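Read off the chains here:
2 protein chains.
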Amino acid sequence: MKYCSECAAAVSLKVPDGDDRPRYVCDHCEIIHYQNPRVVVGCLPTVGDKVLLCRRAIEPRLGFWTIPAGFMENGETMLAGALRETREEADAKVKNESLYRLFDIPHINQVYVFFRGELDGDFGIGPESLESRLFSEDEIPWSELAFPVVTDILVDYFDDRRRNDYPIRLGKPGPLWAEHVNWNFDHS
Amino acid sequence: MKYCSECAAAVSLKVPDGDDRPRYVCDHCEIIHYQNPRVVVGCLPTVGDKVLLCRRAIEPRLGFWTIPAGFMENGETMLAGALRETREEADAKVKNESLYRLFDIPHINQVYVFFRGELDGDFGIGPESLESRLFSEDEIPWSELAFPVVTDILVDYFDDRRRNDYPIRLGKPGPLWAEHVNWNFDHS
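Protein chains in written order, with our numbering: chain A, 30 to 217; chain B, 30 to 217.
If you're looking for bench data, these hints aren't it; they were derived computationally from the structure.
A portion of the hints provided could be inaccurate.
Since the list gives no way to pick one copy over another, a pair counts as held whenever it fits inside one copy or between any two copies.
[Said to hold, decoys possible] In silico DMTMM-like links for lysine to aspartate or glutamate, alpha-carbon gap of 20 Å or less:
#1 K31 / E59
#2 K201 / E88
#3 K31 / E147
#4 K201 / D167
#5 K201 / E102
#6 K43 / E102
#7 K122 / D49
#8 K201 / D185
From a predicted model like this one, the values you see are computed outputs, not experimental measurements.
Just chain A, same shape as in the assembly (with noise of 0.2 Å):
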């Protein structure tokens, strides 16, 4: 952020009065101008023992798997969110919705909130995805997927199948993505 959104004047990075951390702050109307994290929603649609997954179109990531998620926009709830999110990039609408999984990624300023939910009908292919197929636990990709959150995610979802009970939970992404996907987050 260089200049203020409302007066284009310059931004300096200044700590304000009553305030604890910088922020940036207009050099001209005195506008504090807060950054703020991130939410991605997300849900995991489900269909007897398999789950629904999306090759990506689009980077970061083209060409792995990933659950149908994306950033949260104003006036929409978390739910109507995840559920749009898997309309766009799967064409597909779940039913009987549960929440489910809460990250933190504060490096990247993130949250996520993953739903899941039952598969209600067909499925396609949306314009940010490449393909969409049901996998069974022993048909997932795990050295193709995407990103930490979709492992973690996976791994859980057919853990709690089993046993059929399904927790909320909420947590930083585990190390499991990378090594499956043989990931070095050193030279990342």
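Given the structure of chain A, go ahead and fit chain B onto it with the hints provided.
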């Protein structure tokens, strides 16, 4: 938003190629300035059959009682933000924290994520509070609570405590707060 924060040129509200809703787009450098919901994080500190509330020293709802909460900051987890707000507003620490309650408030583009936790040691009065106090259920000042989410969490908490079961719930704020404080949303 009137000006581009990267180049100071004017922005126009228009639907970018491949998008489905209007965004602020720079007329000069064509950067798209996305606007997304913000996350409010908070924590209900409990001790025995009591909860810790703070009386607000700032607008909105100055003088009314609330649970420690505020905007999540970049670089922190949801829990870290909730604990920070608890320190800042009630000069308090908590232990054994659990995710407890999520709210969607789409008409103001906010998501609330509340934890509960046991008060750990003393408490005090932060700079944004006039007063902090422990309340048992029959002492809660129902007509003087600051926001709908506060009423909903307190009603749920005392119910959950009776059953000794604290499910994680997601929903929009309910009508109880408006009834208790005699608030008419039509004239708000």
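Quick rundown of the hints versus the structure:
no. : hint        : result
1   : K31 / E59   : both (14 Å within a copy, 15 Å between copies)
2   : K201 / E88  : neither (23 Å within a copy, 34 Å between copies)
3   : K31 / E147  : neither (46 Å within a copy, 43 Å between copies)
4   : K201 / D167 : neither (25 Å within a copy, 38 Å between copies)
5   : K201 / E102 : between (23 Å within a copy, 16 Å between copies)
6   : K43 / E102  : between (29 Å within a copy, 16 Å between copies)
7   : K122 / D49  : between (45 Å within a copy, 19 Å between copies)
8   : K201 / D185 : within (14 Å within a copy, 27 Å between copies)
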